[in-house]
Amino acid sequence: MDSTQPPAAPPPAGEASGSEVKEERVWKAGGLEPMPIRKLPAAPPSMHIIGPTVFLLALGVGMGESYMWPRLVLVFGPEIRWLFLIGVSLQAVVMLEMARYAMATGESIFSGAARVFKPLMWFFFVTAIAVYIWPGHLSAGAGAFEDLTGIPWQVTATIGMILVGVLFTLARVIYDLLEKVLGVLIGLLVIGTAVAAAIVGSFADLGATLAGMFAFGYFPDQMMTAAWFPVVVGSIAFAGPSGMQQMWYTLHLRESGAGMGSHIPKVRGLAHSGEQEAAPHRGFMFDTDDPAEMEKWRGWRRWVTFDAIALFWGVTMLVTIAFTVMAMAAAQLQPGVVEIIENGERDAALPAMAAAFGQAGGSVMSGLFLGFISLIGLNATLGLFDSFARGQSDMTYSHIKSSRKFGISKLYGFFLWGVIAFGIVILNFGPADGPGAILDTLAFLSTFAMGAYCVTLLLVNNRMLPKPIRPGIVTNLVIGFAAVFYLGMLFYSVLVFGVSDMG
Amino acid sequence: MSTVITSRPAGLGELMLPGAGIGASTGLMAGGLALVAGLPLHLAAVHLIMLGLPMALFGGGYTLLCARGTAKPGAFGPAAVYWLLAFPIARIVHEATVQLYVVGRPGLPEALWAFALYNALLSTGFAFGFIWLHEKLIPLWLMRIRGHNPRAEALLEVYTSYASMIFEHQQQRDALRRARRERRRKQ
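Residue numbers (the working numbering), protein chains in the order written: chain U, 148 to 650; chain L, 575 to 761.
Just so you know, the hints here were simulated from the structure itself, not pulled from any lab data.
Virtual Cβ for every residue (Gly too), placed ideally from N, Cα, C.
Among the clues, some could well be false.
Stated by the list, open to error - Calculated cross-link-like contacts (lysine-lysine; reagent style BS3-like; alpha-carbon spacing at most 25 Å): (1) U:Lys-548 / U:Lys-265; (2) U:Lys-557 / L:Lys-760; (3) U:Lys-614 / U:Lys-186; (4) U:Lys-552 / U:Lys-265; (5) L:Lys-710 / U:Lys-413; (6) U:Lys-614 / L:Lys-646; (7) U:Lys-557 / U:Lys-265; (8) U:Lys-413 / U:Lys-552; (9) U:Lys-175 / U:Lys-557; (10) U:Lys-413 / U:Lys-548; (11) U:Lys-327 / L:Lys-646; (12) U:Lys-265 / U:Lys-614; (13) L:Lys-760 / U:Lys-327; (14) L:Lys-646 / L:Lys-710; (15) U:Lys-265 / U:Lys-175.
To be verified - Chain L regions said to be covered by chain U (calculated; three or more residues, Cβ under 8 Å): (16) 588-601; (17) 680-692; (18) 703-710.
Stated by the list, open to error - Over 12 Å on every C-beta distance to chain L, these chain U residues come out as not near it, computed from the model: (19) Ile-184; (20) Arg-185; (21) Ile-338; (22) Phe-350; (23) Pro-367; (24) Asp-434; (25) Ala-457; (26) Trp-564; (27) Phe-569; (28) Ile-573; (29) Gly-619; (30) Leu-624; (31) Gly-635.
Take the sequences, apply the hints, and build the full model.
Here you go:
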């Protein structure tokens, strides 16, 4: 292992000091403080039910699965779903690579980016604020709830934001609470979509949906138009987690105690900030020359692979198949639905799709559709606020020295209540999606961040990790392909069609 | 301190609650959403009961299978097989009884085999969600009732020993893998 003996890093708060530290072995990665070598904990059994993937599912199983893909299936037929298969599979590989750095070091991918080139991390810091501070993402779920109950969506969204803030403030350990809540909500979502699809769909719909996943190469001419090309590209990019959601997953993985994350204390709610343990501002590395440590590492890789394939890939597929079956059932009973969906803007098309469901299968179908959109919105809200506050506080704490006196818990609380307060003001008095003049820029940034994190991943995992645990050539090729795909399609769409909004 | 439950039905009934609750939630989903969507109260109630009841029985039955040791705790395979049969049956009962209520005579869905096959395929998704929630809820429930329900105590023991067994199995597998690697290195 390419680690060094002294000069050792200065001891961070709460760690051993004195002569012990002088002998400490470290792993030098980039220009930042080296990572001390520590023991890698033993990996749990690879088969498990609940893990940090619930956060990725809560964030990722959203508009793409419930609305964008069913819409594409209605317009182009179920054969289009092979592109979804590619999109989700690509995201599963990205997830595994995000996990590689986080589990090996206990650092977030943001810190990995800072080790490569600090401005790269600040780019993600600014992008997160620019893209995620606007509360527009709440509009779909709260809007669906308004359609269901008649309660104005601004009221639901405002109350929802305050409740989320209070919940996270009072929690002793935010991650533990959120994992439990999201675990139940995702479970209900999976059960609910299966039951809904059972009630409204048919064997033929399911058969066509499944067969469509393997219609590789199906690419109708209509897709290469200004109206549909950006939508198709956006749907592939947003199949599963989109924007910066994969980057935040590294924080949840660390918080769950996966790999070297076990050496980093968990973030406590603001009300319990007095109990917050001093957190190191850089991660740790394990001894990759030690075969026993490498064996444990392989155990962790098996654990996260199960997460990526069975939980993330599997649940995403299940939910989207169920929604597609519902959409196809609606279209068969009411052929006019295709026209409504085809012509509708996103905001207008959601109620249109619900109405179409209603016309096709009665008010039960409309209610089912809106109910699930509300549930998905609730999941996303819980996950998004936590992720945003977690990401921003991690970058601030780790890379702005003067902020450390506040502690990670207070910084988390600051960003959480900051985004909530801003959200409430904007929801009630301003443009929820952001100012109209910069909407295109925000949409561009969201997709651009995905290409950028693929490039970041390649740099971080191949330059900042010891050789024995770096990714293989195939993995690098897949991540490289993802970078070219996200960035290439985005620029192609902007340059050829002049459209940067992929939604 | 609570009284120890000695009655067999009461003990089993209490034990079944997590699985039965998850099963019943499907009825709540169907009935609740039907109500919100504007169906008359009585029809929403019929959906709730006619789907919720068989699913609650099957859900509770699965917990009992875990207690008997027939289904391994935390394993997806047995749950998938169980719901492959149970889910289509519950759906056929649901369809038939709703029809009985609406038109006055029970009726099976058209193309019964396709209907059953379709629901059997979807049951995998349902089983996934079921086992996900079941494994999350049952240890909490068992710890809550173990003091007065000997069956719960026994099932909790099964869960604990299963977790230890999995861990030991993993350790053994890792040791074997290490030994194989060592041998290869020496060769």
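Evaluated hints:
As the CA atoms of Lys-548 of chain U and Lys-265 of chain U are separated by approximately 14 Å, the hinted pair is consistent with the 25 Å bound. The straight-line distance between the Cα atoms of Lys-557 of chain U and Lys-760 of chain L is roughly 54 Å, outside the 25 Å bound, and the hint therefore fails. As the CA atoms of Lys-614 of chain U and Lys-186 of chain U are separated by approximately 18 Å, the hinted pair is consistent with the 25 Å bound. The suggested pairing of Lys-552 of chain U with Lys-265 of chain U holds, with an alpha-carbon distance near 22 Å, which does not exceed 25 Å.
Taking the CA atoms of Lys-710 of chain L and Lys-413 of chain U, the gap is near 21 Å; set against the 25 Å cutoff, the hint holds. Distance check on the hinted pair: Lys-614 of chain U and Lys-646 of chain L sit about 40 Å apart at the alpha-carbon level, beyond 25 Å; violated. Only pairs whose Cα atoms come within 25 Å are accepted, and Lys-557 of chain U paired with Lys-265 of chain U is accepted, the gap being roughly 24 Å. Simply put, Lys-413 of chain U and Lys-552 of chain U have alpha-carbon atoms about 17 Å apart, close enough for the 25 Å limit, and the pair holds.
With a C-alpha separation of about 30 Å, the suggested pairing of Lys-175 of chain U with Lys-557 of chain U is violated against the 25 Å cut-off. About 20 Å separates the Cα atoms of Lys-413 of chain U and Lys-548 of chain U, which keeps this hinted pair within 25 Å; it holds. A hinted pair counts as satisfied when its Cα atoms are at most 25 Å apart, and Lys-327 of chain U with Lys-646 of chain L qualifies at roughly 22 Å. At most 25 Å may separate the alpha-carbon atoms for a hinted pair to count; Lys-265 of chain U and Lys-614 of chain U meet this at roughly 22 Å.
For the proposed pair Lys-760 of chain L and Lys-327 of chain U, the alpha carbon gap of about 47 Å is over 25 Å, so the pair is violated. The hinted pair formed by Lys-646 of chain L and Lys-710 of chain L meets the criterion: a straight-line CA distance of about 15 Å does not exceed 25 Å. Proposed proximity of Lys-265 of chain U and Lys-175 of chain U is supported: the alpha carbons are some 16 Å apart, at most 25 Å. Residues of the stretch 588-601 of chain L with a Cβ under 8 Å from some Cβ of chain U number 3, which satisfies the need for three, so the listed coverage holds.
Proximity of the stretch 680-692 of chain L to chain U, defined as three or more residues with a beta carbon under 8 Å from a beta carbon of that chain, is established by the 5 residues found. Note: the stretch 703-710 of chain L has 7 residues with beta-carbon separation from chain U under 8 Å; the three-residue rule is met and the coverage holds. Non-interface call for Ile-184 of chain U relative to chain L: holds, since the shortest CB-CB distance, roughly 21 Å, exceeds 12 Å. Separation of Arg-185 of chain U from chain L is adequate, the least Cβ-Cβ distance of about 20 Å exceeding the 12 Å criterion.
Once the 12 Å rule is applied to beta carbons, Ile-338 of chain U is inconsistent with being away from chain L; the minimum gap is 4 Å. The beta carbon of Phe-350 of chain U sits about 4 Å from the closest Cβ of chain L, which is not more than 12 Å, so the claim that it is off the interface is violated. Separation of Pro-367 of chain U from chain L is adequate, the least Cβ-Cβ distance of about 28 Å exceeding the 12 Å criterion. In this structure Asp-434 of chain U is separated from chain L by more than 12 Å, as the shortest Cβ-Cβ distance comes to about 15 Å.
Chain L draws Ala-457 of chain U into its interface by the beta-carbon criterion, the shortest separation being 8 Å against a cut-off of 12 Å. Interface exclusion of Trp-564 of chain U from chain L stands, the closest Cβ pair being 30 Å apart, more than 12 Å. Under the 12 Å C-beta cut-off, the non-interface status given to Phe-569 of chain U relative to chain L holds; the minimum distance is some 32 Å. For Ile-573 of chain U, the non-interface assignment is confirmed: its Cβ lies about 29 Å from the closest Cβ of chain L, beyond the 12 Å cut-off.
Every beta carbon of chain L lies more than 12 Å from that of Gly-619 of chain U, the smallest distance being close to 18 Å; the non-interface claim holds. Leu-624 of chain U, annotated as away from the interface, keeps every beta carbon of chain L farther than 12 Å; the closest lies near 27 Å. The claim that Gly-635 of chain U is not at the interface with chain L holds, since no C-beta of that chain comes within 12 Å of its own (minimum 34 Å).
Of the numbered hints listed earlier, those contradicted by the structure are 2, 6, 9, 13, 21, 22 and 25.
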